[in-house]
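Engineer: Since each chain comes alone in its own frame, lean on the hints to assemble the complex.
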Amino acid sequence: MSLRPGTFVSFVAHDLRLGARGFAAIFGALPARRVAAILVAALVGLHLVAWPAALWFGGHESGADGDRFLTAAMRSGVFFVLPWVVATAMTAVTRMLYQRGDLDLLFASPIFPRDALAARLFAQAIEAVASVGLLLLPLADACALQGRPHWLALYPALFACGLFGAGLGLMLALALFFAVGPRRARAISQIGATLVGASAVLGAQIVAMLPNSARTWLFDALAFNSGGDALRRLATLPERAAGGEPAALVGWMALALAMFVAAVLVFGGGFARAALQSAGAPSSPGRARTGTRFRARLGPTLRLKEHRLLWRDPWLLSQIMLQVLYTLPVGGILWRNGGATGTAGIAFAPTLVVIAGQLAGSLAWIALSAEDAPEFLATAPVTRGEIERGKLAAIALPVAAIMTPPLFALAFVSAWDAFCALGCGVGASLSAALLMLWRQKPARRGLVLRRHSQSKLVALLEHWLSLLWAVATGVAVFGSAACVVPIALVGLTLWLIRPAAPLGDLRSASAINANASPARADIEVRAG
Amino acid sequence: MPSDPTPALVLRALTKRFARPAVDSLDLTVRAGEFYALLGPNGAGKSTTLRMVAGLLPADSGEIHIFGIDARRQPIAAKRIVAWLPDEPQLYDKLDPLEYLEFVAGLWGLEPRRAAESAESLLQTLGLWEHRRERCEGFSRGMKQKVALAGALVHEPRLLMLDEPLTGLDAGSARQVKNLLTARVREGATIILTTHILEVAERIADRVGILAHGRLIAEGTLAELRVAGGGCASLEDLFLDLIAAEGRAA
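Which chain is which? The protein sequence lines are A and B, in order. Sequential numbering from 0 applies to the first sequence in numbering that gives the first Met the number 0. Sequential numbering from 0 applies to the second sequence in numbering that gives the first Met the number 0.
Chain B on its own, in the form it takes in the complex (with noise of 0.2 Å):
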């Protein structure tokens, strides 16, 4: 349960305009502990966001927090206790998996003997402790993808944000992986996931803000979501609903 009183995350008139808005002035919070998705349409903001907050892209204006520290004035600071997981995995082919791990562990730069455990034990829960010494060239993308998940855990971020992190999983990789994270939000961590699969938001998410158009449109628990929706059976339909209606009112 969330014990830290400091938000996670805090965003205040976020802002990113490529041809146009990507991001448009947004607001959001996300408490510490939380396990929060976020969820839009193609196009609607989430990566951008994303990468805003880990540092990947200068936001054109606005503010970003992380528990406390303003990400655009000590990025340093605040990438110590951050990691970024997209979509795309990004790993070195000719690395094998326990390699990837040590060169993750020097960058930021971890007690050499926890760094170790903390990759073992990784591996091992992701089932890739036979692999670790094959090189990723000859990976699955499911692997590669487990790989790079455990390179985003090993330092034990306090936020961890995942974009799309169940792509190219089987069902039994899915499961290890959602376990895997719903255990690192109970041991305290907050994670923000962004999914087009609305099942996986549903059963995991504490909370869920729907983007479109760079704007936050809906927030809240799934029940809140159902409320203010007027019923929505499901969080798909719940979406679909507030999508369309935002597409109209655009």
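Pulled out of the complex, with its shape left as it was, chain A reads as follows (with noise of 0.2 Å):
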């Protein structure tokens, strides 16, 4: 059945069928019954997965503690959830407006703009629950099958989570795109979500960390539940709702569905203005400068204009940091939990050098992979192999001034832990940028995060590599010489995956598409 064009419903299906094909693009070629085949498995596997913690669950509800255990454990879930969807919400607002992609078109239709949008922002609501819900619903699903039918309230209260935070998300963002314009706002409302994003699962990451007399606090601090005034009854409806309490779940829904009809009525009209303010203004402000940079060596040339594409990207250098940020948690616990052995360095640098090659990895990738301009590269009288190697050396710089404030810290605990993770982080990088270098598939910039869904096989060799590192890293910290066997492994991996053509051919500035990637080849053939 069609559905009638033009209507709020046909408008949230268009969206969701987009969302639906590149969800799918993640898979690549595999055929329709494939993808099918494998969401079930993974449906499963998550089910299978969720009987062990609703086991879990089950026995602390039925415990003298119960309904404590409940109102922190649903406090702690909208705590996860909400930041999230607002996170994503804004996400989405800030990209409609400034990558416009079909708003052109819709604006140009005889259609509101507030249809619109109320459409795009009701199947955002809906994406950003699917994601979070993969993790939720299974355990919900699990509990009820174990007889806890309370919990399948789960869905609509997670539904009118997402409704709720896509309204906030639409707010927020239009009140940090007029209070600070429409140059600035991109790039804040970018890296603020991408902040209140990582939140949750920074504030996870925390918490495990505590003591356990601090984890009992903030138990004991969630599952207060004074019950009485009329604005704490507001403030604990989500978890009230998700807990199963029918009347707190009508007033949650109730509540979602105004704030995401107030939203988008408020601040519809301000959408619209904004789209037109957005259009054609550039992320942020260029800063004025004096003089010119001239020079004729081309290392120098590389370096500066690699340095000014990342510093000029705020967002991509938030996704980027971002990896350091979700790391730097566990390389606590790991320090403390070492650091009650006396050898902090033999958890902490790993981790630090993991996360040198994690860095090296996107800035190779993003310098190579993902260069704008790779035809005109090609056409400038340098060789191919004279530009890489100024482009690695261009993340050389960067990677190593987030790398030395830790490495230094670790030198103070001990020298020769330090030197370790020197050693080591050197090798990491290393390889992961060859990797880079030798597994180049032609991708833009704002998908650095995404790179590993580009080719399954290089993202396990950049895991397996990144471990290898840590291994070695770790048997060198305790002095032992079986070091040399992980460091082996990595020679004979990267041995194994050098390109197979000569280096000649590939370095050959004619060359260019001698290894073509299959994007590459496309260019080819659409060129006659």
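Hints were generated in silico from the structure; no laboratory data involved. Where is the CB? At the ideal position from N, CA and C, for every residue including glycine. Each hint should be verified, as a subset may be incorrect.
Where chain A lies over chain B, by a calculated footprint (3+ residues, C-beta under 8 Å) [claimed, not checked]:
no., segment
1, 23-33
2, 78-91
3, 105-113
Examples of chain B residues toward chain A, derived with CB under 7 Å [said to hold, decoys possible]:
no., residue
4, Ile75
5, Glu101
6, Phe102
Structural biologist: Here it is as structure tokens:
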């Protein structure tokens, strides 16, 4: 049955179809039936994993402190889900404003911009809750199957959370837009959304780092329920709804719907105005400078260009730094645990090495695969090898700048540990960069965090090399010569994956397409 | 006027195949100091030919000589004197025009002071000087095209190849670009241009070559082509007649 065009439902269906196709693209060219089989298997797998977790929850729920436990669990869930949905909505609104996509088409058509915005935001809310629902809903199903049907309230509560978060995200994004102007809003909102989204993950990691006494205090604080005044009852509405309290569920859904509708009605016009203002506006202001920096040498020219492009893309920078941010609490835990045994570096040094490898991999991918003007560079009177060496030299500086402070900190604890981390960090960075050099695949810079979906093999190899370097670091910190074994395995891996074509062919500027990736081959075919 | 006896570009039996031959044993000679327009319908092999000359596509067989330099054997030496401007300008959105030209100058290893003077002169001529500190991401298609053209000219190439250079330009900008190009030819540069706007070729090209199915089916000055075409009134009539005849023959 086809939907009537131009209606709210048809717009939602259109946006969800685009979202689904984007998701399906992760699976590459796999046939639809195989993708469906993978998804069903994943769903079954998630339920199997959720089953013991549900048993654990059940044990606590039936205990003497059951109600308090449920309150704490649901409240934590809200703290986790709501920021995520708000952050996703903020990013989506910003993206809508700046990347525009089909916005011009929609605004040029005889529909109210508010209707298009409402539909897009609704679809966004569904997509955002679907991503967290993948983790939470199997748990709800397992709990219900184990005889606790009130957990099924998670379904409508989560949906309401999506609507509420999308409305709030729209308000925040547009408020920011009008507060700081179109030129700065994009960078700030994207970084803000990234941090809000990361706060959930970081929060969970920080909680894991806390000592037992602090965790008990936190549990008590989360489970605290005076239940008295109206304001508190309103604030606890989402968690009570998720806990299966019927009146709270109805109230939460009504509140979420009201928030969504109000946001669209109040800010719909503002969105249209913002879209008009953002058309053609640069993402961030250019900084006036005096004098020129013409130089005749290739290396400094390439370094300057790479650093400028990186520094002027705060969103990209925040995505890269997020990798470091996510790993820091783990490093902290390892430091603390290692510190208890008197050898902090055994755990912390490998963490630093893994971070160095990840950073170098991301930056090398940006410089090599996400080059904005590859064909222009290929027409320059320099060899491809010279350009690649210049780019790799350019990424070395940011990696060194980020890794130096923690290495210094480690050096204060143990100079030997820091030395091992430095040596293996350099090795991990080099091997990640070589992998990116040998397995280039053209893509847009913004896809840096999704680069692993480009090639599962490269992703696997990157993790494998990181793991080997981490093991080598750990063994080296112990002072064992056995660290050469993982390092030798790194060498063997790199030797096995080295390009099949002789280096001379790859380096020849005229043979840019000799090792053509599918995308480049496609360019070749279209060129005729 | 042309003064260098060595041809700017000589292609001999140049061939490139994809699923079908895109360039089919092409022979072409462009004289030094000439403004040469390469015309042809979509898929005729114009872009493929220029991309092979620019070193972006390896040829399957044949020879490419640029001012006597064998471009297949000495690609770097050839690239030093060549510029290529694609129909889609390849720029860095986060750089401003002056930074872009600094980057190009560094790639070509230009002496900094000379490069700075050349960059300023080009940006002034193309009406971009007031925008020299604005990032390219906010530019219109036409402005981006002009920045890319400045990048192609800043190293003063002896052979300039332009693929649809007037796409996206308004009338005023198109006039600026045409004036700049004809001035470069007067100064001794050689330009090969592909275009679908036949009036442009008719007005500014010294000679015209027409490609179809990867082969050169006609070549000459406009007057020569008119004679060969039985006195066709315009280049457009001539072009359409030739393409139709080629289609029937194929």
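Engineer: In terms of beta carbon proximity below 8 Å, does the segment 105-113 of chain B have 3 or more residues touching chain A?
Structural biologist: holds (count 8)
Engineer: Answer holds if the nearest beta-carbon of chain A is closer than 7 Å to that of B/Phe102; otherwise answer violated.
Structural biologist: Holds, about 5 Å.
Engineer: Taking a Cβ-to-Cβ distance below 8 Å as contact, does the segment 23-33 of chain B have at least three residues touching chain A?
Structural biologist: That given contact is violated, which follows from only 0 residues of the segment 23-33 of chain B lying within Cβ reach (below 8 Å) of chain A.
Engineer: Tell me if B/Glu101 is really an interface residue toward chain A, meaning its C-beta lies closer than 7 Å to one of theirs.
Structural biologist: holds, 5 Å
Engineer: Per the CB criterion, is B/Ile75 less than 7 Å away from chain A?
Structural biologist: holds, 5 Å
Engineer: When I compare C-beta atoms, does the segment 78-91 of chain B have three or more residues closer than 8 Å to chain A?
Structural biologist: holds (count 9)
Violated hint for the displayed structure: number 1, the only one.
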